[in-house]
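From first to last, the protein sequence lines stand for chains A and B. Residue numbers for the first sequence follow this note's numbering, so the first one is 1 and each next one is one higher. Residue numbers for the second sequence follow this note's numbering, so the first one is 1001 and each next one is one higher.
Worth flagging that the hints you see were computed from the coordinates, not collected in a lab. Some hints could be false.
Here's a subset of chain B near chain A, in silico, CB distances under 7 Å, partners left out [claimed, not checked]: (1) Ser1178; (2) Arg1182; (3) Ala1186.
Beta carbons: idealized from backbone N, C-alpha and C, even for Gly.
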Amino acid sequence: MRTGLDSRLVIRREGFHLDVALSIDPGQTVALLGPNGAGKTTVVGALAGLLPLDGGYVRLGDRVLEDAATGTLVGPAERRIGVMFQDGVLFPHLSALENVAFGLRSRRVPRHEARRRAAGWLEAVGLGALSDRRPGRLSGGQRQRVALARALITEPSMLLLDEPFSALDVSSRAGLRRLLQDHLAGFPGPSLLITHDPTEAFLLADRLVVLENGSVAQEGSADQIRLRPASPYAADLAGVNLLVGAASGKVLTIGNHRLVVPEAASGRVIATIHPRAISIHLDRPGGSPRNSWPTRIERIDHHADRVRVQTGPPLPVTAEITPDAQTGLNLAPGSEVWLSVKATEIQVDAG
Amino acid sequence: MTEDQDSIRKASRRREGRSRTVQRPRRPPAFIAIPATIGLALFALPVLGLLGRAPWSRLATLLGSDLALEALRLSAISSVSAAVISLLLGVPVAWTLCRYDFPGRSLLRGLVLLPMVLPPVVGGAALLFALGRRGLVGSPLYEATGLVLPFSTGGVILAGVFVAMPLMVLTVEGGLRSLDQRFERAAETLGAGRWTVLRRVTIPMIAPSVVAGIALTWARALGEFGATLTFAGNLQGRTQTLPLAVFVALESDRDAALALSLVMVIVSLAVLVALRDHWWRSR
Chain A
1 MRTGLDSRLV IRREGFHLDV ALSIDPGQTV ALLGPNGAGK TTVVGALAGL
51 LPLDGGYVRL GDRVLEDAAT GTLVGPAERR IGVMFQDGVL FPHLSALENV
101 AFGLRSRRVP RHEARRRAAG WLEAVGLGAL SDRRPGRLSG GQRQRVALAR
151 ALITEPSMLL LDEPFSALDV SSRAGLRRLL QDHLAGFPGP SLLITHDPTE
201 AFLLADRLVV LENGSVAQEG SADQIRLRPA SPYAADLAGV NLLVGAASGK
251 VLTIGNHRLV VPEAASGRVI ATIHPRAISI HLDRPGGSPR NSWPTRIERI
301 DHHADRVRVQ TGPPLPVTAE ITPDAQTGLN LAPGSEVWLS VKATEIQVDA
351 G
Chain B
1001 MTEDQDSIRK ASRRREGRSR TVQRPRRPPA FIAIPATIGL ALFALPVLGL
1051 LGRAPWSRLA TLLGSDLALE ALRLSAISSV SAAVISLLLG VPVAWTLCRY
1101 DFPGRSLLRG LVLLPMVLPP VVGGAALLFA LGRRGLVGSP LYEATGLVLP
1151 FSTGGVILAG VFVAMPLMVL TVEGGLRSLD QRFERAAETL GAGRWTVLRR
1201 VTIPMIAPSV VAGIALTWAR ALGEFGATLT FAGNLQGRTQ TLPLAVFVAL
1251 ESDRDAALAL SLVMVIVSLA VLVALRDHWW RSR
């Protein structure tokens, strides 16, 4: 692991205690997921050198950036860690071009050269025409693109992305996600993506780390977490049904199955359905749900206060019901059932 | 939180946003308008009185006199110097008070703001006891360098700094306090050292506060009377600034006093209006 991240982050605050061991291989993207207040942004601050550690260490390749035991501390300016902050945090008094060039200028690259390279990066994130605009005159998605270019231009050893999508609407989300996918694929160092959206984590990351109350609740691939969620939060995010299909108007085709969705879309989309939104019936259901289909139960997992039911073709999904409902309906693997889901419970994102 | 709750929350936030930008009513009700008119009259009448009594035809001659010219020159030099010194010292003071936590910080902040509430005469007397030729610091200073501050132009500047710098500290500290420190952190992660962060991020972002501070300290130093008189005296050509010259002229030549007062009113009003515009724009 020549340029990978190896860290243990201990930070103690009044009423909050963070203790996280985090390793990321070079070229790998790890998604750090967790509810609000779990300590996600604290992890970013600690890795970037903005919050001193009370214990533990940060190593990047063969460089020791911080070690509480020996007192080693490399400041944020010398860490060479690129950070894409929540909401961008672009300098409001500088143009997009000057924002991107800032890191080079700080490292004493001559002005002309810095501006030339910044212009190239703005081109690469699709904003070549807007280089003179200040952040106040850019849209949320454009600002995040500038923030990405600003973080990448200095060729950092590691990339930290703090909730890059949180302030964006659905359509600019998809564009930024494709851009991030491209750049993360070509980025040689380790990357950490902070998010609370499982869709983004599954699409962008190689591995997930679930952070709760300042410590790692679980880590592994999406499938590993899906099979054995270690906490209700992990179950919640791993259990979400992600379906890739083609949209045409308000109809979504996945394989040879069709779903009615609330908003018209077109092209490749990702539909997200929470397991709690799927109902199980013994007979064909009537009523308002626009989507229902017959299927067979493949597997049933029991968790503390809920039961997760996995179904087979034509549209394999996970549904979540109470233990009482399971006993009441007498469900078991192999049972023939009907599933239904309201169109409004299906979230559609452009893929 | 479900999508529904979330969208409801967003919608209600939008509604709040609308109600805040509701159209302003055309005119205030009587219970506001009447006291407001009296209050505004209180400000406007003295200015009108001054304009009405001003010796317009002899203005050029009056302002061309030695007394007037020397006072104008001295006031220009000392008020600009006081503003520059307040800038160079006041910004670091504001920075220290805002960004660092240390014991006695509240006491220090009180001390910095003291000249704003103290009668300027008392401030001048305190300066005299500290920096006079036999003062606490003044005496060793005189023995070491031969420098005498009281009754010199340097003393006028010092008195101006003493009364005006709190305004610089207040405005700049306010600007620093409302600056989101994430901008400075972002700059650090981009490789900027502390000086670069200050020069390229912090100062440009608090520039409106700094400009306001400069204008306020300059205007305050220009109008300084009590501390100047006590600490620097009233020597024509050396320490007699515009306000002192007005005070002296009131006894001997009322028209000259009016002419000098007029200069101060016009200059100060121009600065305050420009300042107001600046604040307006930066919002």
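Structure-based check of each hint:
1. Hint status for Ser1178/B relative to chain A: violated, with the closest Cβ pair at about 13 Å, above 7 Å.
2. Taking 7 Å as the C-beta contact cut-off toward chain A, the hint placing Arg1182/B at the interface holds, the least distance being around 5 Å.
3. With its C-beta approaching chain A no nearer than about 5 Å, Ala1186/B sits inside the 7 Å limit, and its interface hint holds.
Figure legend: structure checked against the earlier numbered hints; the only hint not met is number 1.
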